[in-house]
Amino acid sequence: DAGITQSPRHKVTETGTPVTLRCHQTENHRYMYWYRQDPGHGLRLIHYSYGVKDTDKGEVSDGYSVSRSKTEDFLLTLESATSSQTSVYFCASHRDSTDTQYFGPGTRLTVL
Amino acid sequence: AQSVTQPDIHITVSEGASLELRCNYSYGATPYLFWYVQSPGQGLQLLLKYFSGDTLVQGIKGFEAEFKRSQSSFNLRKPSVHWSDAAEYFCAVAPDAGNMLTFGGGTRLMVKP
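Protein chains in written order, with our numbering: chain A, 258 to 369; chain B, 593 to 705.
A hint or two may mislead.
Dumping the calculated SDA-like pairs for lysine to any residue here, alpha-carbon to alpha-carbon at most 20 Å [unchecked claim]:
1. B:Lys-704 x B:Val-605
2. A:Lys-327 x A:Pro-265
3. B:Lys-653 x B:Val-605
4. B:Lys-641 x A:Asp-356
5. A:Lys-314 x A:Ser-337
6. B:Lys-641 x A:Ser-354
7. A:Lys-314 x B:Ser-595
8. A:Lys-314 x A:Val-276
9. A:Lys-314 x B:Asp-688
10. A:Lys-310 x A:Arg-325
11. A:Lys-268 x B:Gly-635
12. A:Lys-314 x B:Asn-691
13. B:Lys-641 x B:Glu-612
14. A:Lys-314 x A:Lys-327
15. B:Lys-641 x A:Arg-352
16. A:Lys-310 x B:Asn-691
17. B:Lys-641 x A:Tyr-288
18. A:Lys-314 x B:Gln-594
19. B:Lys-653 x B:Asp-677
20. B:Lys-704 x B:Ile-601
21. A:Lys-310 x B:Met-692
22. A:Lys-314 x B:Ala-593
23. B:Lys-641 x A:Thr-355
24. A:Lys-268 x B:Gly-633
25. B:Lys-653 x A:Thr-355
26. A:Lys-268 x B:Pro-632
27. A:Lys-268 x B:Gln-634
28. B:Lys-641 x B:Arg-661
The set of hints was computed from the structure by calculation and includes no laboratory data.
Can you make the complete structure from the sequences, with help from the hints?
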């Protein structure tokens with residue numbers, strides 16, 4: 258709906274390695290979000306951004322950092338991946354005209 | 593802080609039967625309320641939302657939801673389920689303008705032929 262893409266779509270990595278996930282949106286939305294999805298927990302907010310270089314922590318931010326150098330790109334970095342960070346990661350952006358968040362297709366990350 | 597509870601983790605219904613998925617929220621004022629659907633391996637798609645006004649809201653794919661302030665509920669309904677409705681459904685609440693969503697744990701719907 259909002260032209261949101263995520264890359265990579267799947268990744269397998271080893272404990273202790275750094276990982277960066279990319280979210281790209283084409284609609285010039287100001288707000289962008291990173292969530293993780295785990296069974297029984299729904300989606301939980303990791304970090305969000307309200308503009309270029311403006312970011313803040315969400316509910317489960319420990320072990321994650323983000324950066325937003327351009328409106329269209331929002332990066333999520335796991336500095337040193339752990340097995341507890343095995344999850345499906347979703348990016349979203351907020352369309353002001355409809356007061357609604359729209360989601361990307363997700364990235365499945367496995368940390369061995 | 594707001595919270596959302598979806599009491600049913602799994603629900604199985606027969607094709608053609610009616611469906612009701614429950615959602616209860618905790619929030620001091622009237623929140624913004626959303627239902628999203630996630631098909632296997634896909635992202636989340638918005639079904640419907642409630643901000644104000646008529647408490648019965650219509651969404652896509654024949655779904656509707658009713659906001660009941662007295663019960664702090666926003667249950668999702670469909671009169672006749674199709675096999676393609678099999679998916680996971682998430683209720684979400686935001687304090688304003690849909691900016692900061694809190695999600696329930698989700699309800700997985702299975703449809704029997």
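Hint-by-hint comparison with the structure:
1. B:Lys-704 x B:Val-605: holds, 6 Å
2. A:Lys-327 x A:Pro-265: holds, 19 Å
3. B:Lys-653 x B:Val-605: holds, 17 Å
4. B:Lys-641 x A:Asp-356: Between Lys-641 (chain B) and Asp-356 (chain A) the Cα gap is close to 10 Å, so the pair holds against 20 Å.
5. A:Lys-314 x A:Ser-337: holds, 18 Å
6. B:Lys-641 x A:Ser-354: holds, 14 Å
7. A:Lys-314 x B:Ser-595: holds, 18 Å
8. A:Lys-314 x A:Val-276: holds, 18 Å
9. A:Lys-314 x B:Asp-688: holds, 18 Å
10. A:Lys-310 x A:Arg-325: Roughly 5 Å between the alpha carbons, so the hint for Lys-310 (chain A) and Arg-325 (chain A) holds.
11. A:Lys-268 x B:Gly-635: The hint holds at about 17 Å.
12. A:Lys-314 x B:Asn-691: At roughly 14 Å apart (the allowed maximum being 20 Å), Asn-691 (chain B) and Lys-314 (chain A) satisfy the hint.
13. B:Lys-641 x B:Glu-612: holds, 16 Å
14. A:Lys-314 x A:Lys-327: The given pair, whose Cα atoms are some 19 Å apart, holds under the 20 Å limit.
15. B:Lys-641 x A:Arg-352: At roughly 14 Å apart (the allowed maximum being 20 Å), Arg-352 (chain A) and Lys-641 (chain B) satisfy the hint.
16. A:Lys-310 x B:Asn-691: Measuring from Cα to Cα gives roughly 18 Å; hence the hint holds.
17. B:Lys-641 x A:Tyr-288: This hinted pair holds, its Cα atoms lying about 19 Å apart.
18. A:Lys-314 x B:Gln-594: holds, 17 Å
19. B:Lys-653 x B:Asp-677: holds, 9 Å
20. B:Lys-704 x B:Ile-601: Holds, because 17 Å separates the two Cα atoms, which is no more than 20 Å.
21. A:Lys-310 x B:Met-692: holds, 18 Å
22. A:Lys-314 x B:Ala-593: Given pair Lys-314 (chain A), Ala-593 (chain B) holds - Cα atoms ~15 Å apart, limit 20 Å.
23. B:Lys-641 x A:Thr-355: holds, 10 Å
24. A:Lys-268 x B:Gly-633: holds, 15 Å
25. B:Lys-653 x A:Thr-355: holds, 19 Å
26. A:Lys-268 x B:Pro-632: holds, 18 Å
27. A:Lys-268 x B:Gln-634: Holds, at roughly 16 Å.
28. B:Lys-641 x B:Arg-661: holds, 15 Å
Consistency note: the structure conflicts with none of the earlier hints.
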